[in-house]
Amino acid sequence: MTIIYRIYLLIIALPLLLLATALTAIVTIIGCSIGSAAIWGYYPAMVWSRLMCYVPLLPVHVGGLDRLDPRQSYVFVANHQGPYDIFLVYGFIGRNFKWMMKKSLRRLPLIGKACASAGHIFVDKSGPKAIQHTYESARRSLQGGVSLVVFPEGARSFTGHMGRFRRGAFQLADELQLPVVPVTIDGSFDVLPRQKGFYFPTWHPLRLVVHEPIFPCGKGSDNVNATLNESFDTIMAGLSECYQGFVDNPDQ
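What the sequence shown shows, in the working numbering, is residues 1 to 252, in sequence order.
Keep in mind that the hints were calculated from the coordinates and are not lab data. Ideal placement from N, C-alpha and C gives every residue a C-beta, glycine not left out. You may find that some hints are simply not true.
What the hints assert, rightly or not - The calculated label-pair distances, taken between Cβ atoms and stated as ranges, are: (1) Ala237 <-> Asp69: 35 to 45 Å; (2) Gln171 <-> Ile7: 17 to 27 Å; (3) Gln171 <-> Gly94: 23 to 33 Å; (4) Gly245 <-> Pro205: 44 to 54 Å; (5) Ser33 <-> Ile7: 32 to 42 Å; (6) Cys217 <-> Tyr5: 29 to 39 Å; (7) Leu105 <-> Pro250: 12 to 22 Å.
Claimed, not checked - Only pairs whose alpha carbons sit at most 20 Å apart, straight line, appear in this in silico DMTMM-like list of lysine to aspartate or glutamate: (8) Lys129 <-> Glu175; (9) Lys102 <-> Glu136; (10) Lys103 <-> Glu136; (11) Lys219 <-> Asp248; (12) Lys219 <-> Glu230; (13) Lys113 <-> Glu230.
Given only the sequences and the hints, what does the whole structure look like? Please build it.
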């Protein structure tokens, strides 16, 4: 079955998904230039992300969406197991949001331009003024129910286990007094583990769990630390047993 699956991926899935990726980027760029980025910056990518899961025949299980208020802006924080994290969040979280992503991603052909057109936030860590500008961009975006999605580990896992969380997303949520929503992603590492060179995806179920929002109970460093620690523990508890436990990530 593995050989048949790889033949299907190579002959059918890969060409379809490459075409879908290019078309999605083009539609996003053109749509955002002539229409609303709230629509064209979200819905084409949502459909594309679902195709990225369904065309390779990957089962997707989503839980906890009923915990969200459609009128509320949130800061979603998720563990980062692999590339499929992006497709799970974009395709199935069911909320219009902006990514907070590495500045280097802006250089990707077509995709970088599409992300900029959609209003996603590129993190610039070149200095205090650049970091402050990043926060201001995020603050302007988090209005009218639009949310923010951050991978607080800042890098993909080498093992499927979680690394340490950075404080930036939690500090932003604290400044704006927005609830933080922990999100557990499980199975993404099994589909595309982190390794060098070209490799085929492995068939494996994907799971996205949206946990209870953590509302601010104060403001300042103590609130930031408490929210970070609670988010980390909640996400960790939602992982499969084989990925439980902290593992240091050298990319962090």
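Results of checking the hints against the structure:
1. Restraint check, alanine 237 to aspartate 69: a C-beta distance of roughly 23 Å breaks the suggested window 35 to 45 Å.
2. Glutamine 171 and isoleucine 7 have their C-beta atoms about 48 Å apart, which leaves the hinted 17 to 27 Å range violated.
3. For glutamine 171 and glycine 94, the Cβ-Cβ distance of about 26 Å falls inside the hinted range of 23 to 33 Å, so the restraint holds.
4. Under the hint 44 to 54 Å, the C-beta atoms of glycine 245 and proline 205, about 21 Å apart, miss the expected range.
5. Distance hint check: the CB atoms of serine 33 and isoleucine 7 are about 40 Å apart, consistent with the given range 32 to 42 Å.
6. Checked against the given bound of 29 to 39 Å, the beta carbons of cysteine 217 and tyrosine 5, roughly 48 Å apart, lie outside it.
7. Distance hint check for leucine 105 and proline 250: the Cβ-Cβ separation is about 20 Å, which falls inside the suggested range of 12 to 22 Å.
8. About 17 Å separates the Cα atoms of lysine 129 and glutamate 175, which keeps this hinted pair within 20 Å; it holds.
9. About 16 Å separates the Cα atoms of lysine 102 and glutamate 136, which keeps this hinted pair within 20 Å; it holds.
10. Note on lysine 103 and glutamate 136: the hinted pairing holds, with a Cα-Cα distance of about 15 Å set against a maximum of 20 Å.
11. Distance hint between lysine 219 and aspartate 248 is unfulfilled; the C-alpha atoms sit about 29 Å from each other, more than 20 Å.
12. For the proposed pair lysine 219 and glutamate 230, the alpha carbon gap of about 16 Å is at most 20 Å, so the pair holds.
13. Annotation: proposed proximity of lysine 113 to glutamate 230 is violated, straight-line Cα distance about 35 Å (limit 20 Å).
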